[in-house]
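*Asks:* Kindly generate the complete structure, drawing on both the sequences and the hints.
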Amino acid sequence: MRTFKIVSLVLLASMFLSACGGGATPVPPTQAPAPAAPTAAPTAKPPEPTKPPAPAKFECKDKLGCVDIGPSDPVHIAYAFVTSGDNSTLGLDTKYGAELAIDDAGGKVLGHAIKFDGQDAGCSAEGGQAAATKIAADNTVVAVIGTNCSSEARAAIPILLTQAGLSMISPSNTAPDLTDPAKHVAGYFRTAHNDKVQGAVAADFVFNQLKFKKAATIHDGSIYAQGLANVFADSFKKYGGTITAQEAVNVGDKDMKPVLTRIATGKPDLIYYPIFIAEGGFIAAQIRDVPGMEKTVMMGADGIFSPDFLKAGGKNVVGMFWSSPNFSAFGSGYQALVDKYLKKYNVKGTLAPFHAHSYDALNMVLAALQKPGVVVTDPDGTLHVQKQALRDAIGATKDFKGITGNITCSPDGDCADPKIAVYQASADDFAKLEMPKTPAWFPGGPDYKAP
Amino acid sequence: MRRFFERTSLTDIVMFVIGGSLVALVIIGSAATLISGKYGSREWFNFIVYGVALGGIYAVIAIGYTMVYGILRMINFAHSEVFMSGPLTAYFLADAWGRSGFLDQNPVLGLLVIFALAMAVSTMVAVLLERIAYRPLRFAPRLVPLITAIGASFFLQYFFRGLYGANIKVYPEMAVLKTNVQLGAYSIQYVQILVIVAAAIMMGGLQLFIQNTRTGKAMRAVSEDKQTAALMGIDVDQIIVITFIIGGALAGAAGVLYALMFKQVGFLMGFIPGIKAFTAAVLGGIGNVPGAMVGGLFLGLAESVGPNLFLDGLGIPAPYQLKDAIAFTMLVLVLIFRPTGILGETLAQKKA
Chain W
156 MRTFKIVSLV LLASMFLSAC GGGATPVPPT QAPAPAAPTA APTAKPPEPT KPPAPAKFEC
216 KDKLGCVDIG PSDPVHIAYA FVTSGDNSTL GLDTKYGAEL AIDDAGGKVL GHAIKFDGQD
276 AGCSAEGGQA AATKIAADNT VVAVIGTNCS SEARAAIPIL LTQAGLSMIS PSNTAPDLTD
336 PAKHVAGYFR TAHNDKVQGA VAADFVFNQL KFKKAATIHD GSIYAQGLAN VFADSFKKYG
396 GTITAQEAVN VGDKDMKPVL TRIATGKPDL IYYPIFIAEG GFIAAQIRDV PGMEKTVMMG
456 ADGIFSPDFL KAGGKNVVGM FWSSPNFSAF GSGYQALVDK YLKKYNVKGT LAPFHAHSYD
516 ALNMVLAALQ KPGVVVTDPD GTLHVQKQAL RDAIGATKDF KGITGNITCS PDGDCADPKI
576 AVYQASADDF AKLEMPKTPA WFPGGPDYKA P
Chain H
8 MRRFFERTSL TDIVMFVIGG SLVALVIIGS AATLISGKYG SREWFNFIVY GVALGGIYAV
68 IAIGYTMVYG ILRMINFAHS EVFMSGPLTA YFLADAWGRS GFLDQNPVLG LLVIFALAMA
128 VSTMVAVLLE RIAYRPLRFA PRLVPLITAI GASFFLQYFF RGLYGANIKV YPEMAVLKTN
188 VQLGAYSIQY VQILVIVAAA IMMGGLQLFI QNTRTGKAMR AVSEDKQTAA LMGIDVDQII
248 VITFIIGGAL AGAAGVLYAL MFKQVGFLMG FIPGIKAFTA AVLGGIGNVP GAMVGGLFLG
308 LAESVGPNLF LDGLGIPAPY QLKDAIAFTM LVLVLIFRPT GILGETLAQK KA
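Protein chains in written order, with the working numbering: chain W, 156 to 606; chain H, 8 to 359.
Rather than coming from a laboratory, the hints here were simulated on the basis of the structure. Some clues are possibly wrong.
[What the hints assert, rightly or not] In silico EDC-like cross-links for lysine to aspartate or glutamate, where the CA-CA straight-line distance does not exceed 16 Å: (1) Lys470(W) with Glu50(H); (2) Lys338(W) with Asp567(W); (3) Lys466(W) with Glu180(H); (4) Lys422(W) with Glu50(H); (5) Lys498(W) with Asp258(W); (6) Lys185(H) with Asp444(W); (7) Lys409(W) with Asp331(H).
All values derive from a computational prediction rather than experimental measurement.
*Replies:* Put into structure tokens, the structure is as follows:
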């Protein structure tokens, strides 16, 4: 018994030491936005006694209601990102992008500090619903930046937009479904590209640049992956290629060898798997062990454009391709944004592709808040944010010069100026665990040359 | 004939129809796939190897569930976290050695130490669980330890998240495990051989231990009737602790095997294998150790071979999306025709 106690104490100690010592990846500290500056009433109170009595109290006539912000209260913008678990790099990346936008705006809007916090949506419909419910219950929220995964959005939209009357700008939802005219819900906007563009660019690259005639796709049942895989398959078939298999795995699956064995019977030249980091990592790690797949080229999409995927996939990722937003086509402020990002968050490279989209999304909200007629300011500094007016102002965004391009919102919520490129990982990228920075090809650019 | 109609009720008939139609679908689908000849013998061999390797891991984890149920009549839901704690802790050692090259130069020694560390940590977690969460509730109503187990499961998950961080960790590649062994036209990887052989050794060793040693006999006695065993002079508390030790050690070893095969470990990695292993234990007859082994292999094969064998023949696209549905449908099928599981004993007989 005593030996057991001693042994278990030693083991406990070693567990704690290994956790605190080298090797443990520290959980990124949640950065609070710029400290709240005390708000000063912008206008002086009328001191003359001859002035008429104080103006009538503001009455909210807005269709969706108003958010009242006291003179010293912050303007609360909420986020719904995936900040923990296998896909946490996606959520942290967009959170950092939005926080940098707040920093660049001085941490204040309309004389009030900006409070930016939110919920973890877990990249699943259940998580999106839970996060949306918590945000909707908080009546100080004026707008939402989110979600990351299209599956979260599907569940969050009825709660946040229809029930709570908020407006939501997503920096990374790409499923075509969400802005389909028949399915779009008012109040939903996105600065990320629509996958109709991404799938077509990927198919163009595979058929016309790589000159492959046979391809297979794998999705994971989420609306993002399924939508993108279908767009790719349809575009590829239109070019004249053959899709040998359209397979699916489940989120949480670990053993990909049976699925890959099945695909191997069709002998495709390339596999396009636009899924997320955990399952994508398993596919990349296991593909070369499957007889028949030793030479098959791999291609992923923006969901696995992350250093965590390079770690998970192992050395098989060298030479694989990704379709993703074209960073080199971003505006002149992009490099400065990346520098600030790397400095503030102490990381070697950006974590995912959507930080600039998140930066632009937050700036869109700030610009809309400052448009006339959206926010009524009382003389004592109280703000009344009218939710329908805010929604209309965001929807009316036109030629907004964001880092990702010229942002103009369509009636169905697509605000982005989509520029997609194809990237390829070199051995050097894998050794440094950084995603490639320059595209291997983009539409309208020079032809792809193998390294 | 009349006695037969008296004994069967409407429920029995409905169950029989459901079971029968599922079996018919399986047979039709399998026949269609085999006739079409889409997969050669090499593919079937690969599917079977994947199934046996995965099934071996499920079987070893399932042993933990089934032994605790046999002795305490309680489902230890926190066993999935016992499974997770071992490889997650051993990751740091494996990563350090992998990067320094030690693991590639001395694979056998390196793997043995990693196994030892993982098994030690899992065992410690299991014993602490028993001491802190389950022993005080030994005589509580049946549902209370169940809820405690679920709570302990969540506690351990987030404890390890706080300790080691939320992101996934990847075990290093070992060149020796990736190499293939050629057997004529078929090839199999060393890692798969390692998993199958290790699982077989552990299960065989456990079976020998239970059948041929005094402690094993004591364990069987306690699982049959705790009070009588105590009257016979067996220290029931000590036997329970030994059960948790064995279950924990096996789960830790299974965790390392899992990590070697699939490379990614994280604080949530225990959840799904835990559920599958529990299903395997029920499938094989809960409370029965050889049953857990059979159940695990059956489940692994159903997941790996099943979608190809019958869903493909029935013309269903993307059959691998439904592999969990197949696995659990198999569970339902088995329980319809054999309610106590494949090797299970009816409780009424046991108690009598």
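*Asks:* Now, for every hint given, state plainly whether the structure supports it.
*Replies:* To see whether the hints hold, each was checked on the structure:
1. Between the alpha carbons of Lys470(W) and Glu50(H) the distance comes to roughly 25 Å, so the proposed pair goes past 16 Å and is violated.
2. Our distance criterion of 16 Å between C-alpha atoms is met by Lys338(W) and Asp567(W), whose separation comes to about 9 Å.
3. About 11 Å separates the Cα atoms of Lys466(W) and Glu180(H), which keeps this hinted pair within 16 Å; it holds.
4. Proposed proximity of Lys422(W) and Glu50(H) is supported: the alpha carbons are some 13 Å apart, at most 16 Å.
5. Restraint check for Lys498(W) and Asp258(W): satisfied, since their Cα atoms lie roughly 13 Å apart, inside the 16 Å limit.
6. Between Lys185(H) and Asp444(W), the direct Cα distance comes to roughly 8 Å. Compliance with the 16 Å bound is thereby established for this hinted pair.
7. Our distance criterion of 16 Å between C-alpha atoms is met by Lys409(W) and Asp331(H), whose separation comes to about 12 Å.
The structure shown violates just one earlier hint, number 1.
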